[in-house]
Amino acid sequence: MKTLRILAIDDHEMTMLGYKFILENIDFEGYDIIVDTANTFEGGKKLIEDSVNSFKYDILLLDVQLFAPNENQPHSGEDLGILARKLVPESKIAFMSSFSDNFRINSILKSVDPDGYLVKTDIDPKTLEDAVKTIILNP
Numbered sequence: 004m005k006t007l008r009i010l011a012i013d014d015h016e017m018t019m020l021g022y023k024f025i026l027e028n029i030d031f032e033g034y035d036i037i038v039d040t041a042n043t044f045e046g047g048k049k050l051i052e053d054s055v056n057s058f059k060y061d062i063l064l065l066d067v068q069l070f071a072p073n074e075n076q077p078h079s080g081e082d083l084g085i086l087a088r089k090l091v092p093e094s095k096i097a098f099m100s101s102f103s104d105n106f107r108i109n110s111i112l113k114s115v116d117p118d119g120y121l122v123k124t125d126i127d128p129k130t131l132e133d134a135v136k137t138i139i140l141n142p
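Residue numbers for the sequence shown follow our numbering, so the first one is 4 and each next one is one higher.
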């Protein structure tokens, strides 16, 4: 059985843990799924950098905004996506965000060229499962 390694980065811990619970319980034939998590830009950056010299993540699930809306933070999930494309280009990247405006999505499409983009309000367990399977099996 192959191991599918996923890194989920989201500043909302309950959301991130929900992804972990759902994904690690998927019945995905031939795969054992392990989900690591981070809830800050710095934590996600460290895990991505560490993966360069050990195992590579198969999928990175990135939230666009990694801080409270009223906080002024210099980095975003988009920045992590750009970093990941440089350090681990073989890892698939999917954004999962509440942003659904065309300007923000177009920016991410141009700067990161993600393998997927899901709007959080549209995500349920089946949608998340389908997204992961599509990214892995039909890139």
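Worth flagging that the hints you see were computed from the coordinates, not collected in a lab.
Hints may be right or wrong, so weigh each one.
List time: in silico BS3-like cross-link candidates among lysine-lysine, alpha-carbon distance up to 30 Å [said to hold, decoys possible]:
#	residue 1	residue 2
1	Lys113	Lys123
2	Lys23	Lys129
3	Lys136	Lys49
4	Lys113	Lys23
5	Lys48	Lys113
6	Lys136	Lys5
7	Lys59	Lys123
8	Lys136	Lys89
9	Lys89	Lys5
10	Lys59	Lys136
11	Lys49	Lys59
12	Lys113	Lys59
13	Lys48	Lys89
14	Lys136	Lys123
15	Lys48	Lys123
16	Lys48	Lys95
17	Lys48	Lys59
18	Lys23	Lys48
19	Lys5	Lys59
20	Lys49	Lys123
21	Lys136	Lys23
22	Lys95	Lys5
23	Lys49	Lys5
24	Lys59	Lys23
25	Lys49	Lys89
26	Lys49	Lys113
27	Lys95	Lys23
28	Lys48	Lys129
29	Lys49	Lys23
30	Lys89	Lys59
31	Lys89	Lys123
None of these values were measured; they are calculated from a predicted model.
To see whether the hints hold, each was checked on the structure:
1. About 21 Å separates the Cα atoms of lysine 113 and lysine 123, which keeps this hinted pair within 30 Å; it holds.
2. Between lysine 23 and lysine 129, the direct Cα distance comes to roughly 14 Å. Compliance with the 30 Å bound is thereby established for this hinted pair.
3. At most 30 Å may separate the alpha-carbon atoms for a hinted pair to count; lysine 136 and lysine 49 meet this at roughly 26 Å.
4. For the proposed pair lysine 113 and lysine 23, the alpha carbon gap of about 28 Å is at most 30 Å, so the pair holds.
5. Proposed proximity of lysine 48 and lysine 113 is supported: the alpha carbons are some 21 Å apart, at most 30 Å.
6. Restraint check: the Cα-Cα separation between lysine 136 and lysine 5 comes to about 14 Å, which is no more than 30 Å; the hinted pair holds.
7. About 25 Å separates the Cα atoms of lysine 59 and lysine 123, which keeps this hinted pair within 30 Å; it holds.
8. At roughly 24 Å between alpha-carbon atoms, lysine 136 and lysine 89 fall within 30 Å of each other, so this suggested pair holds.
9. The straight-line distance between the Cα atoms of lysine 89 and lysine 5 is roughly 25 Å, inside the 30 Å bound, and the hint therefore holds.
10. Simply put, lysine 59 and lysine 136 have alpha-carbon atoms about 18 Å apart, close enough for the 30 Å limit, and the pair holds.
11. About 13 Å separates the Cα atoms of lysine 49 and lysine 59, which keeps this hinted pair within 30 Å; it holds.
12. Using a Cα cut-off of 30 Å, the hinted pair lysine 113 and lysine 59 holds, with the two alpha carbons roughly 23 Å apart.
13. Of the pairs offered as hints, the one joining lysine 48 and lysine 89 holds, with about 12 Å between alpha carbons and a cut-off of 30 Å not exceeded.
14. A hinted pair counts as satisfied when its Cα atoms are at most 30 Å apart, and lysine 136 with lysine 123 qualifies at roughly 18 Å.
15. A threshold of 30 Å between alpha carbons decides the hint, and for lysine 48 with lysine 123 the separation of about 22 Å falls inside it, so the pair holds.
16. Distance check on the hinted pair: lysine 48 and lysine 95 sit about 16 Å apart at the alpha-carbon level, within 30 Å; holds.
17. At most 30 Å may separate the alpha-carbon atoms for a hinted pair to count; lysine 48 and lysine 59 meet this at roughly 13 Å.
18. Only pairs whose Cα atoms come within 30 Å are accepted, and lysine 23 paired with lysine 48 is accepted, the gap being roughly 19 Å.
19. Only pairs whose Cα atoms come within 30 Å are accepted, and lysine 5 paired with lysine 59 is accepted, the gap being roughly 13 Å.
20. Note on lysine 49 and lysine 123: the hinted pairing holds, with a Cα-Cα distance of about 25 Å set against a maximum of 30 Å.
21. Using a Cα cut-off of 30 Å, the hinted pair lysine 136 and lysine 23 holds, with the two alpha carbons roughly 15 Å apart.
22. A C-alpha spacing of about 16 Å is found between lysine 95 and lysine 5, which places the hinted pair at or below 30 Å, so the restraint holds.
23. With a CA separation close to 25 Å, the supplied pair lysine 49 and lysine 5 stays within the 30 Å bound.
24. The straight-line distance between the Cα atoms of lysine 59 and lysine 23 is roughly 18 Å, inside the 30 Å bound, and the hint therefore holds.
25. As the CA atoms of lysine 49 and lysine 89 are separated by approximately 14 Å, the hinted pair is consistent with the 30 Å bound.
26. Our distance criterion of 30 Å between C-alpha atoms is met by lysine 49 and lysine 113, whose separation comes to about 24 Å.
27. The hinted pair formed by lysine 95 and lysine 23 meets the criterion: a straight-line CA distance of about 17 Å does not exceed 30 Å.
28. With a C-alpha separation of about 28 Å, the suggested pair lysine 48 and lysine 129 falls inside the 30 Å cut-off, and the hint holds.
29. The straight-line distance between the Cα atoms of lysine 49 and lysine 23 is roughly 19 Å, inside the 30 Å bound, and the hint therefore holds.
30. Using a Cα cut-off of 30 Å, the hinted pair lysine 89 and lysine 59 holds, with the two alpha carbons roughly 13 Å apart.
31. Among the hinted pairs, lysine 89 with lysine 123 is consistent with the structure: their alpha-carbon atoms are about 26 Å apart, no more than 30 Å.
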